[in-house]
Amino acid sequence: MIWYLGRKLFIYLLTFFFAVTIDWLIPRLMPGNPVDIMVSRMALRADAAEVVRSYYIQAFQLDLPLWRQYLNFWIALLRGDLGVSIWLFPQPVISVIARAVPYDLLLLLPAILLSWVLGNQVGAMAARVRWLDNTVLPLAYILTATPYMWLALLLAWSLGQVAGLFPISGAYSYNIRPHLSWVFIRDLLWHWTLPFLSLFLVMFGGWAIGMRNMIIYELEADYSRYLSALGAPQRLIRRYAFRNAVLPQITGLALQLGAIVAGAVATEIAFAYPGTGYLILQAVLNQDYFLLQGCFLFIITGVLAANLIIDIVYILVDPRTRLGMVGE
Amino acid sequence: MLALENVTKVYRTGALGLRKLIAVSEVSFEIGEREIVALIGESGSGKTTIGKMILRLFRPTSGVIRFEGKDIFSLRGPALKDYYRQVQGVFQDPFASYNPIFKADRVFALIREEFYPRIRRSAWEQRVEEALRAVGLNPSDVLGKYPHQLSGGQLQRFLIARALLLDIRLLVADEIISMLDASTRIDVLNLLGDLRDRGLSILFITHDLSLGYYISDRSIVLYRGRIVEMGATERIYARPLHPYTEMLMESIPRIDGRWGATSHRVERSAVLPGAFGCVYYPRCPIAQEICARRVPELAEVEAGHFVACHVRGGASSSAG
Amino acid sequence: MALRVENLRIYYRTLRGYVHAVEGATFSVGDGEIMGLAGESGCGKTTLGHSLIYLKPPMAYIEGRVFLDGRELPIWDMDRMNEFRFRHISIIPQYAMNALNPTRRIGSLIADLLATRGIDFRQILPELQRRLDLVQLSQEVLKRYPFELSGGMRQRVVMLISTLLNPSLLIADEITSALDVSTQRAVCEMIVEFRNRGFVRSTIFITHDMSILYQIADTILVMYAGQLAEKAPVETIFRSPRHPYTRMLIASLPRVGARQRVERLKGIPGSPPPLLDPPPGCRFRDRCPLAFERCQEPPPFVEVEPGHFVACWREI
Amino acid sequence: MGSRSELLYFAWLNTKVRVGALILALFVILAIVGPLFARHDPNAYVGPPAHPPSSEYWLGTTTFGQDVYSQFVHGLRATFIVGLLGGGIGTLLGVCIGLLAGYRGGMVDEILNMFTNIVLILPTLAVLIIIAAYLTVRGILVESLFIGCTAWPWAARAIRAQTFSLRAREFVDLARMSGRSSWKIMFYEIAPNMLSYLFMTFILQFGGAVLIAATLDFIGLGPTQGISLGLMMNNAVLWAALPLGMWWWLIPPGAAITAIVGALYVMNVGLDEVFNPKLREL
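Protein chains in written order, with my numbering: chain C, 39 to 366; chain W, 4 to 323; chain H, 1098 to 1413; chain G, 134 to 415.
By construction, these hints were calculated from the structure, which means they are not laboratory data. Fair warning: this is a prediction, and the values are worked out from it, not measured in the lab. Glycine included, C-beta positions come from ideal geometry on N, C-alpha and C. Please note that a few of the clues may not be correct.
[To be verified] Straight-line C-alpha distance at most 30 Å; calculated DSSO-like pairs for lysine-lysine:
hint	chain 1	residue 1	chain 2	residue 2
1	W	Lys106	C	Lys46
2	W	Lys55	W	Lys106
3	W	Lys148	G	Lys317
[Unchecked claim] Every beta carbon over 12 Å from chain C, so not counted as near; a handful from chain H, in silico:
hint	residue
4	Ile1189
5	Asp1209
6	Pro1243
7	Gly1295
8	Arg1344
9	Ala1348
10	Ala1388
[What the hints assert, rightly or not] Some chain C residues near chain H, calculated using beta-carbon distances under 7 Å:
hint	residue
11	Pro103
12	Arg106
13	Glu258
14	Tyr261
15	Tyr264
16	Leu268
17	Pro271
18	Leu274
19	Phe280
20	Pro286
21	Thr289
22	Gly290
23	Ala292
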């Protein structure tokens, strides 16, 4: 088991190293000098452009030899210094992101966990109940094929705009200062509903389909056939089949994180929900490269950390990996 | 013709290849002209691995396999092609030996493409029909069919015909009849016997002693990668020397007599196989103290009859 | 009289029509009898065996009646059969080596299974421990997961589970085909031991390996292409078979000591007919040297001597 | 597997495959023929702003008076291009890496597999964001290339598993004993057996490429010129189509993507039933 975890950890560290290297390399790989491009895009007056250019040169340390730049980049990273945001000058990138993280977690954690649990339950039932299979499955296919942002727009338009039940942007009403009180929390949740719903529905479709196929596969496995041949009731056989079908769904969750993050970014933009996704949109509009790279690193670390947690959960749940056989 | 010298194959298993699985250890034997040698062993004895190494599909970890004196793994290009012109193999599962989406006789086309590119079409078809008749098949009802439209027995004969197209000198038959029904099994065995009479040498790999006895001239008994007994088939069956061979003889379900009392039911703690004592030590009823410490050598107890056992194969070779 | 089967007909429903897997089987198995069910691959022996306990699509029940200890088995009804399964009729499947739920300890698996029959695990534990010793498995096995055991050990666990409630009929489906010679013999002796100790009353042992049946079966029923060819005590089948197919089959088995140079055995040319729309009458007709025009009609499965049944016009 | 024609016969019989193929064909025709009927250039300001669908402008106009229908059909064409190119590159890379890792085994497999896992775990969108942000000129070809280069691990994993199972089959050994070179074996013996599998992998890669491209465009990192469905949605959000109730600008692009990707997934399930012999017999 230690070996299984060790190998996974090694891969995650390697991935992190690989990602950070990409992050450092790309601006330097771009044709021409990245600083000139950035400055020219800002269409500033000559003297202001000169100030910004020198600031960039110093920020990117383009004057130092490459390997020195790379080393400094790592040192700064480990110290948590991701440079200064241009869009919200002079706030450091790390604090801008730190403000966005709670909203990300508030949105993503419930959406992922609830959709995973309910998706698996409904998927398991669909394998057993015929009419459920004919209604929920087609719907699940449509949901999982829907681009996150489009479902967000649909919900915003129907429940928000037309029905007027929910607000369609921002995390809380403008006239309230965030503080700990029932009023604020109620308002927060009121704003949270639509983004949560759009993320939840798309992911729900994916898990339901996955579980339905896995359950049917497990119900045809040898141990299920043997139990049925011995006259064991369907209840027992389905209980075993569900437990064995959930295991690949756990690893599936880890592998899907990359796609889920993409969905979250799009949904946050559609609802102007102040998470990392929204920051990315602002960073793109304002050519705030440091914020962009900061968001990139945050997403990478988040995904890798989540992967590690899910692997640990998998080991605790699946006896085969816990007791020695190296489960893939 | 073919000689194995101290051939060993070790597989890396476990996480980072820490655990070593010794599939074949220090195996040496020869195959001469016009003879069928039976390689007998239960699953995990390494018999298939040896077969695949002779066919150059696996590379041995140490030791050498020589064909006409030359190390087969040093052959390159035309020399390698020449080797495959003289040594071919047929495998256990007839249906897995054919690429399912092509017709069965594509195996002949492969041979023509690789070995006889310049032969005229009519001459080649004539040779194919000749080979098919040589293995007892009627060309008209087997050619142009998909593998799943032919029976197991027909498919195996097809592969033997493929080998005959190359006028080979050694055929490695790895459990070729174990998936066939009893009634068609015998005909394929008889075919091997006829080919041997016409000058072909065959390495007949099987786990079934009675089939081995029926067809082979010499037998080699393998246990966990090591040769425990080797010699003329009739002599081994008349007087099996190694306790493992004895146990195998007792356990075959015969059809002319009921099972006698089982001579031994021994389960000792498994000594690290291969490294120190005899591999059969954990299950051997006549094992002595020396057996746990030293690996027995293959000693010639009587003319052409070798056994690897301190008790039975020692200089004294007193009857066990 | 443990098992009586009358004119059982089981087909397979496929996209191209019905495969006539078992065509009107009538036979019986006495108390304490181990009946070998032999025949080449595709002759319907597995279908016959499985239809008695777990008749699941694509298998289709056509007609026929089955009586166990005098009570009729509703084999066509999946649910009503549950009452008989495991308690009165049980099976050791061909895939026994991976028939155990990989993520459940063996002890808890047995407990769950018994609980569905209203039997308390603790009540049956002493008997289970005695049987574990019998098949050389340590008590530790109950705490282990299936993947921690070897294939042979897993099979023995399945054999124990299937016979735990002393069923009156046990169906063993090709349980020796994946084993080595040494473990093969141990498993066969276990089947005989189960019968001698009364764990099971009668057994149907399905295999293509006739020599195994010679060692442990009391009688042998030979099937060919979905039809019953011959049933007789073991010695009669091997010494004086009456059905031409059985005769040729026995002749093609290499005795230990048979040498090709000395005594060249002969196989049976040709191959069994397709069962999608099988030929009428005796299906061995076009491979049988004694075939004559009478073989167009299906020969009845008749008792030519006490306990010796044969389906061949030449023998009646 | 039976002969070729029998497989195609079963494929067409399967309702899921037929439904999926029809929907897909509908949108392909729309993408090809549509632009011919567009009277205006997608980005030109031609009509009255925020005008609901009418006989003149079938899908109405944007807040700036651009013809939504023209944008929609040109965007559809762009989406198919990204799907074909991005999906194609992804599948191609996946096949080569999967086939090589699966066939060679040993060290090669270990390294390639680790590389696959790394790219799999990396949230591809984050990587694309960084790349696209620094690219001054972004065309559809470049976008497809990047999408393809980050989507291949899913294909590689599937193909590698399939190659492992096929490589162990005896007919590969037989081919090696006939002196066939490894490359010939890979592409003439193993790959043909996976044709059905390759096609299904391509379908999933195509759908994935369309979704990722739409998300990238939506964030504003899509092609700098030309129009795509994702870009339409981005403009719609940026220019407050929602508060102004301009549903004809919001609904069509997303609906097209959902329909196309949905049709692909349904076809994939249908094909799985066709190529999986166990299911076919029922």
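Against chain H, run the beta carbon of Leu268 (chain C) and see if the smallest gap drops under 7 Å.
Leu268 (chain C) check passes; min Cβ-Cβ to chain H is 4 Å, inside 7 Å.
Hint check, Phe280 (chain C) versus chain H [nearest Cβ-Cβ separation less than 7 Å]
violated (11 Å)
Measuring Cβ to Cβ, find out whether Gly1295 (chain H) lies farther than 12 Å from everything in chain C.
It holds; Gly1295 (chain H) is separated from chain C by about 20 Å at its closest Cβ, greater than 12 Å.
Evaluation of the interface hint that places Glu258 (chain C) against chain H, nearest CB under 7 Å
violated (11 Å)
Can we keep the Gly290 (chain C) interface hint, with Cβ of chain H closer than 7 Å?
Constraint on Gly290 (chain C) not satisfied, violated at 17 Å.
Quick check on the hint: Tyr261 (chain C) CB to chain H CB, less than 7 Å?
Holds. Min distance 5 Å.
Status of the stated non-contact between Ala1388 (chain H) and chain C (beta carbon gap over 12 Å)
holds (39 Å)
For Ile1189 (chain H), is the shortest CB-to-CB distance to chain C above 12 Å, so the non-interface label stands?
violated (9 Å)
With a cut-off of 7 Å, does the beta carbon of Pro286 (chain C) approach a beta carbon of chain H closely enough for the hint to hold?
violated (12 Å)
Does the interface hint hold: is Pro103 (chain C) within less than 7 Å of chain H, judged Cβ to Cβ?
violated (55 Å)
Can you verify the interface hint for Tyr264 (chain C): is its Cβ closer than 7 Å to any Cβ in chain H?
holds (4 Å)
Checking the smallest CB distance to chain C, is Arg1344 (chain H) really beyond 12 Å?
holds (35 Å)
The earlier numbered hints that this structure contradicts are 1, 4, 5, 6, 11, 12, 13, 19, 20, 21, 22, 23.
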